[in-house]
Amino acid sequence: MSSKKELLSKVATDLLSRHGFHPIGFDRILAETGFARVTLYDHLPGKDDLISAMLDRRYQDIMASLRACIEPVASAKVKLRAILRWHKMFLASDWSNASSGCNLSPSPAAERCGRSLAKFLPNFSAQSPIV
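Heads up: the sequence shown begins at 31 in our numbering, then just goes up one per residue.
If you're looking for bench data, these hints aren't it; they were derived computationally from the structure. Nothing false has been slipped in among the hints.
Listed below are the simulated DSSO-like cross-link pairs for lysine-lysine, each with C-alpha atoms no more than 27 Å apart in a straight line:
{"#": "1", "residue 1": "K35", "residue 2": "K77"}
{"#": "2", "residue 1": "K77", "residue 2": "K40"}
{"#": "3", "residue 1": "K77", "residue 2": "K34"}
All chains, please: the whole structure from these sequences, using the hints.
The following block contains the structure:
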């Protein structure tokens with residue numbers, strides 16, 4: 031993805047997470063980026079292209095966050111715990127912070143999820159370090 035297209039999708043994703051889908055239009059994205067309209071249409075000719083770029087960016091952020099949690103881990107058992115912990119934190123956090131790696135903001139729902147996981151996986155601890 032080109033750096034301008036990347037910036038356009040980042041700004042659109044940030045706006046979407048702050049304001050929802052309907053108040054966001056190309057004019058708002060242009061105002062935030064300072065790009066000319068022709069630059070926007072060169073990189074993202076229509077809303078479908080914008081949505082596709084935003085989804086691709088979210089996927090890349092999510093996968094980078096998950097990799098950051100499991101790459102430092104050697105054993106499969108600890109890696110599985112890291113994946114479960116990551117899912118618990120991801121699903122109970124502000125999803126717009128996925129790019130923050132393993133440091134997703136926990137919530138009371140995350141703690142409940144951790145306690146539920148502990149019932150099924152006796153050796154799982156929501157507070158235990160990943161490594």
